[in-house]
Amino acid sequence: MRSRWAACALATAAAFTATASDWASVPGGPFKSALRYEDAPAGTEVADFKLMQAPVTNGEYLEFVRAHPEWRRGRAPIALAEARYLSHWEHDLAPGPKAAREQPVTWVSWFAANAYCESQRARLPTWQEWEYVAAADETRRDARADPAWRERILGWYARPSTEALPAVGQGPPNAFGVKDVHGLVWEWVDDASALLVSGDDREQGSADRRQFCGAGALAMDDRDNYAILMRVAMLSSLGAADATGNLGFRCARSLP
Amino acid sequence: MNLRLLALAALIACTAGPAPVVRAGATQSLPPDSVYHVEASLAAASGQALEWRALRGKPRVVAMFYASCRAVCPMIVESARAVQRSLSEAERGRVGFVLISMDPRRDNPAALAKLQTERHLDPASWLLLQPGERDVRALAAVLGVRYRELADGEFNHTTTLVLLDAEGRVLARTENVGAAGDKAFSDAVRAAATGRQAP
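Just so you know, the protein sequences line up as chains L and D, in that order. For the first sequence, position 50 (counting from the first letter as 1) is numbered 50 according to the numbering used here, and the numbering increases by one without interruption. For the second sequence, position 14 (counting from the first letter as 1) is numbered 1014 according to the numbering used here, and the numbering increases by one without interruption.
If you're looking for bench data, these hints aren't it; they were derived computationally from the structure. Just to be clear, a hint being listed does not mean it is correct.
Some but not every residue of chain D turned toward chain L, in silico, with C-beta under 7 Å [unchecked claim]: (1) Pro1032; (2) Asp1033; (3) Val1035; (4) Leu1050; (5) Ala1141; (6) Arg1148; (7) Ala1151; (8) Asn1156; (9) Thr1160.
Note that beta-carbon positions come from the ideal geometry of N, C-alpha and C, so glycine has one too.
Isolated chain L, as found in the complex (with noise of 0.2 Å):
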């Protein structure tokens, strides 16, 4: 009885110290996205909503499978998570040296990076979302047109991925009050497969027309927005019971 309480006390003070599940509100605006939408082609309203400052830790994930053991690995059907489902954990309750605390989670699938922000009564982000914060800098909101910022951006993805993943939260708060959107792991979202988008840009319009009932796949309207295209490419290419160790996630909220 002694330890759980100890256990509990110590859950207690890491709750008051958590700073990886700390919300940011962003406030909402006009938005043309870096994707061609033919429906919406003048851009679309993005509505206030709150989103994790930074991507969910190995920390935090951890105690989420404590609270639901159906998402520990080696439980979480195969349907949900596949084979690589936390594959780096060196046990199912212990992370382990190669999975610190303070590391963004990765090997999660959608299934369960959503059954995870249903836990924390909230969602993935939507698309539009993530790509609304993820335009800002330091400064600005909006920084796509500068090509400064472009190069940064891409310097990060030049980067090799064999390196051990740094912290969350390191580097400072874009606009939004949001970290680690760019240069740490790449992040699930709600509508993943809403990304319908040709694996072969050449093919628009023709082939892999057929498949989609209604208005055609989705082209880039920015293409020399690249951090953009290749985290579409990413994403349109995955299951939703894929994982892979470079993928995270973080949750958002609507307001109500």
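Place chain D on chain L using the hints.
Chain D alone, transformed into the frame defined by chain L:
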């Protein structure tokens, strides 16, 4: 979550003992690759509420569609019906056909019942379902259907028929919903209906 609330919640959880395990148990006997592991609530055209996993028990051909669609969706229904026609009378009774709306805001049971009548989809073998709004994405995800709602209320989506066995394992799928149909898929459905392995 507000940090103080989180701390409070942690304290309460500790005093009250371990938090109850959410939703565990009910699906434990399902095979690990069953699509019925997804938790989703739906309403049938009859108005009856049901859980997604309640569809377990017989092979089913499942597709996603939306009732107001004028282009490919009628073809989805037609090709599912063509699959059904290719079965013998006895086989037909052993396979269920399920159409899940990706537009639950408009496709309520009344709208689905109207479509069911208009298109002569026998309620004995056809289930038209309205998922909860938060459940559509997960159902689409587990069935491998990609979709996006457009500004004008139409949907852009992949067209897929999925054959599930009685336990919810994917036996076959086809994106070929054209007039010619997909013989390999129909053969797989017949095999599932007769309990044989697909050739």
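Chain L contact restraint on asparagine 1156 (chain D) - CB to CB distance below 7 Å: holds, 4 Å
Interface hint status, proline 1032 (chain D) versus chain L (Cβ within 7 Å): Since chain L brings a Cβ to about 4 Å from proline 1032 (chain D), closer than 7 Å, the hint holds.
Interface restraint verdict for aspartate 1033 (chain D) against chain L (beta-carbon cut-off 7 Å): Given a least distance of 5 Å, the restraint on aspartate 1033 (chain D) holds.
Interface hint status, valine 1035 (chain D) versus chain L (Cβ within 7 Å): This interface hint holds because 6 Å falls under the 7 Å limit.
Hinted contact threonine 1160 (chain D) with chain L - closest CB pair below 7 Å: Violated, because the Cβ-Cβ distance from threonine 1160 (chain D) to chain L comes to roughly 9 Å (cut-off 7 Å).
Given hint alanine 1151 (chain D) near chain L, where the shortest CB pair must fall under 7 Å: holds, 4 Å
Given hint leucine 1050 (chain D) near chain L, where the shortest CB pair must fall under 7 Å: It is violated, given that the least Cβ distance between leucine 1050 (chain D) and chain L is near 19 Å, above 7 Å.
Residue hint arginine 1148 (chain D), partner chain L, criterion CB-CB below 7 Å: Hint holds; arginine 1148 (chain D) Cβ to chain L Cβ min 4 Å, cut 7 Å.
Chain L contact restraint on alanine 1141 (chain D) - CB to CB distance below 7 Å: Hint holds; alanine 1141 (chain D) Cβ to chain L Cβ min 3 Å, cut 7 Å.
In the structure shown, a violation is registered for the earlier hints numbered 4 and 9, in ascending order.
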